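Chains as they are written, first to last, in the working numbering: chain A, 99 to 388; chain B, 53 to 548.
I should point out that these hints are in silico values taken from the structure, not numbers from a laboratory.
Everything numeric in this text was worked out from a predicted model, so none of it was measured.
One or more hints might be untrue.
Here are the simulated DSS-like pairs of lysine-lysine, each with C-alpha atoms no more than 30 Å apart in a straight line [claimed, not checked]:
{"id": "1", "chain 1": "A", "residue 1": "K222", "chain 2": "B", "residue 2": "K499"}
{"id": "2", "chain 1": "B", "residue 1": "K381", "chain 2": "B", "residue 2": "K314"}
{"id": "3", "chain 1": "B", "residue 1": "K381", "chain 2": "A", "residue 2": "K159"}
{"id": "4", "chain 1": "B", "residue 1": "K499", "chain 2": "B", "residue 2": "K477"}
{"id": "5", "chain 1": "B", "residue 1": "K493", "chain 2": "A", "residue 2": "K222"}
{"id": "6", "chain 1": "B", "residue 1": "K516", "chain 2": "A", "residue 2": "K222"}
{"id": "7", "chain 1": "B", "residue 1": "K499", "chain 2": "B", "residue 2": "K516"}
Covered by chain B, according to a simulated footprint, are these stretches of chain A (three or more residues, beta-carbon under 8 Å) [claimed, not checked]:
{"id": "8", "region": "232-242"}
{"id": "9", "region": "333-343"}
{"id": "10", "region": "373-381"}
Where is the CB? At the ideal position from N, CA and C, for every residue including glycine.
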Amino acid sequence: MAARVDVRKTYKLYIGGAFPRSESGHSYAVEDAKGGFVANAALASRKDARDAVVAARAAFKGWAGRTAYNRAQVLYRVAEVMEDRRPQFSLAVQQSEGLNAGRADKVVDTAIDRLVWYAGWADKIAQVTGNANPVAGPFFNLSTPEPTGVVAVLAPQRSSLLGLVTTLAPVVVTGNTVVVVSSYARPLPAVTFAEVLATSDVPGGVVNLLTGSAATVAPWLASHMDVNAIDLVGVAGDAALATDLEVAAAENLKRVRRAPAAEPDWAAEPGLDTMTDFLETKTVWHPIGV
Amino acid sequence: MADNSPPSDRTATPRTPVGSNVFEYAPAPESRSVVDIRASYGLFVGGEFVDGGGTAFKTINPATEEVLAEVAEADEADVDAAVRAARRAYERVWSRMPGAERAKYLYRIARIIQERSRELAVLESIDNGKPIRESRDVDVPTVAAHFFYYAGWADKLEHAGYGTTPLGVAGQVIPWNFPLLMLAWKIAPALACGNTVVLKPAETTPLTALLFAEICQQADLPPGVVNIVTGAGETGRALVAHPGVDKVAFTGSTDVGRAIAKTVAGTEKKVTLELGGKAANIVFEDAALDQAVEGIVNGIFFNQGHVCCAGSRLLVQESVAEELLARLKRRMSTLRVGDPLDKNTDVGAINSAEQLARIRELAEVGEAEGAGRWSPECELPAHGFWFVPTLFTGVTQAHRIAREEIFGPVLSVLTFRTPAEAVEKANNTPYGLSAGVWTEKGSRILKMANELRAGVVWANTFNKFDPTSPFGGYKESGYGREGGRHGLASYLKGGS
């Protein structure tokens with residue numbers, strides 16, 4: 099009996115809740131850790147980046163306006179769906195990062211657990227980072243965190259799944275919407291993750307995924323006047339590019355999470371700064387009287 | 053302090069119709085004898101006053117154009133010496149000192165500011181042009197309160213949530229609109245967290261910072277913990293770019309803030325930027341109109357409108373626009389413009405000839421673009437820099453006076469019909485520093501407060517400041533917060 103010919107997946111971008119190809123029509127060959135051909139991924143263009151920002155901006159008001167409890171449940175749901183697809187993600191990580199099955203399982207488990215951890219923060223971060231202020235006068239005065247807006251995330255180049263989840267979840271859980279540029283060489287787990295997002299109650303446009311080159315796409319995001327903040331971790335180790343992007347980001351005073359010298363250890367428990375770097379503090383005053 | 057009263061307390065409900073002579077008061081000047089202005093000032097580096105390497109410049113009284121003193125200009129070598137002095141003090145003394153001891157120095161400074169408060173207030177009004185009523189009742193008391201507040205944090209940092217590790221040397225550049233208050237906002241939290249500072253005051257208002265240097269000497273603050281370098285843009289650029297600076301804190305224009313963000317790109321320096329604003333002050337039809345009028349007046353004419361969070365765009369609901377404008381004009385007619393040292397003055401002098409030219413230019417653009425210009429009748433002094441409180445009606449969102457920060461006593465009036473339209477117009481700006489809402493309906497206040505993209509929302513009040521209350525902007529109004537527990541994050545390694 100002839101061997102069955104497998105049905106291969108087309109890996110596309112994820113913008114505004116849909117999976118388009120790049121408007122440029124360009125793609126690039128993605129290899130596994132051993133150098134074998136796996137698939138052609140969409141090569142995101144400037145126009146794709148701009149479309150993704152438009153989608154993220156359109157989704158911002160609704161997502162930021164959800165109750166924190168609701169955002170927590172949506173993120174938890176992402177973890178649930180991912181858990182359901184554990185073997186698929188493990189294979190994807192093995193393929194792209196060259197890990198053995200045991201290590202890849204561990205990476206996937208940590209990524210899922212991390213989503214659960216961040217999901218729980220949705221309705222606690224305001225209590226931990228906000229406070230009442232005892233001003234010297236008859237006024238009610240309260241400081242609370244609010245999402246910064248549309249955030250560009252350059253996902254790490256090496257850690258294709260755990261690094262992606264660890265940079266993405268803290269930005270989204272507080273109510274920001276995101277345009278994320280995946281790892282260039284290891285984009286496929288990110289696309290599969292986008293398929294999980296699309297099927298787990300995350301509204302379209304909240305997370306938009308571009309596969310391709312950070313060096314090509316990130317300058318457009320860093321200089322985009324409707325992007326409020328940027329996480330540069332995806333260009334860790336490339337100080338010249340990171341500096342150029344930070345200079346471009348200064349044009350509309352984006353909040354910048356700088357690139358470290360090297361990719362951090364993604365297995366370590368993240369700090370609150372992963373969330374607070376993309377939060378604004380709003381302080382409201384009202385007189386007290388009768 | 054929170055209870056800075058609007059320029060109105062004496063005249064809460066003007067009963068007499070418009071007229072410039074209705075409130076004719078005898079002059080009530082505050083005495084200048086309390087201040088002793090020297091002929092020339094050096095830089096304050098390593099606990100001593102030293103000569104500057106640059107070209108000395110003059111600081112003038114903007115109300116009279118009288119030269120007050122000659123002030124040293126710090127060149128690159130002076131900035132370097134100041135940063136090195138700060139580094140030495142950081143490594144040898146200040147970062148090693150227990151928080152409880154640092155606290156006591158800050159408490160001392162707060163007390164000396166209270167003791168010498170009138171002297172500071174008079175000097176501030178002379179050098180800046182702001183009314184003595186404001187420097188005496190708002191600026192200086194808030195300065196003392198700020199040091200007192202942060203003094204108490206110095207030995208409690210482990211409870212604040214940002215760790216206890218200071219950053220090192222902070223380079224701080226402050227503007228001319230609240231010279232001493234901005235100094236306090238910068239220096240008090242930096243020192244409480246264990247950092248040392250090099251501060252550059254604005255070139256038109258250096259005198260109170262230099263008096264503050266004397267206060268540091270009186271407090272026996274260890275040499276080098278606070279260094280003050282005077283000068284203009286070049287001095288500021290040298291300070292921001294200095295590789296020995298670990299932290300940059302800037303308050304001023306968005307353009308300069310942008311340049312600073314580019315300068316520090318690719319470095320490890322932490323930055324806080326408190327930049328421009330174009331705040332909407334939104335009045336709904338159910339608002340207490342007389343209170344709203346007081347808030348509008350305080351919002352835009354406080355400190356001659358030289359306030360980054362000034363309520364420079366009045367958004368008034370169409371149904372009450374006519375009535376509100378009539379009351380506002382009547383109230384504006386009672387504002388007393390003139391001698392900053394007169395205790396009855398509501399609106400003082402514009403800080404500099406340059407700023408006056410900028411305000412005039414934008415006001416002319418407002419007229420040229422078709423908005424309706426109105427000012428009360430008002431006699432202005434023959435010398436000095438003055439601008440009559442002015443409002444523009446029929447302003448649209450496309451007008452430059454609705455988009456650009458004027459930083460003067462000029463109010464642009466727009467109207468709206470629905471709350472959604474008010475939010476849309478209020479947020480239609482690259483800035484996001486502050487906003488005001490006036491309505492008697494609680495749920496509407498909270499809804500508006502949620503939807504306004506601004507760092508401070510004043511509801512049924514405006515322009516309130518307090519050391520415990522974080523201040524800072526969204527979007528192009530900058531990043532980081534000053535004041536309150538949040539203000540510590542800018543000066544500790546564990547804060548973002």
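Hint-by-hint comparison with the structure:
Our distance criterion of 30 Å between C-alpha atoms is met by K222/A and K499/B, whose separation comes to about 21 Å. At roughly 44 Å between alpha-carbon atoms, K381/B and K314/B are farther apart than 30 Å, so this suggested pair is violated. Our distance criterion of 30 Å between C-alpha atoms is broken by K381/B and K159/A, whose separation comes to about 38 Å. Proximity of K499/B to K477/B is assessed by CA-CA distance (about 15 Å); at most 30 Å being required, the pair is judged to hold.
At most 30 Å may separate the alpha-carbon atoms for a hinted pair to count; K493/B and K222/A meet this at roughly 29 Å. The straight-line distance between the Cα atoms of K516/B and K222/A is roughly 29 Å, inside the 30 Å bound, and the hint therefore holds. Annotation: proposed proximity of K499/B to K516/B holds, straight-line Cα distance about 21 Å (limit 30 Å). With a threshold of 8 Å between beta carbons, the proposed coverage of the region 232-242 of chain A by chain B holds, since 8 of its residues qualify and at least three are required.
Counting residues of the region 333-343 of chain A whose CB lies closer than 8 Å to any CB of chain B gives 3, which reaches the minimum of 3, so the coverage claim holds. Three residues within the 8 Å Cβ limit are the bar, and the region 373-381 of chain A against chain B gives 6, so the coverage statement holds.
In terms of the numbered hints stated before, the structure departs from hints 2, 3, listed from lowest to highest.
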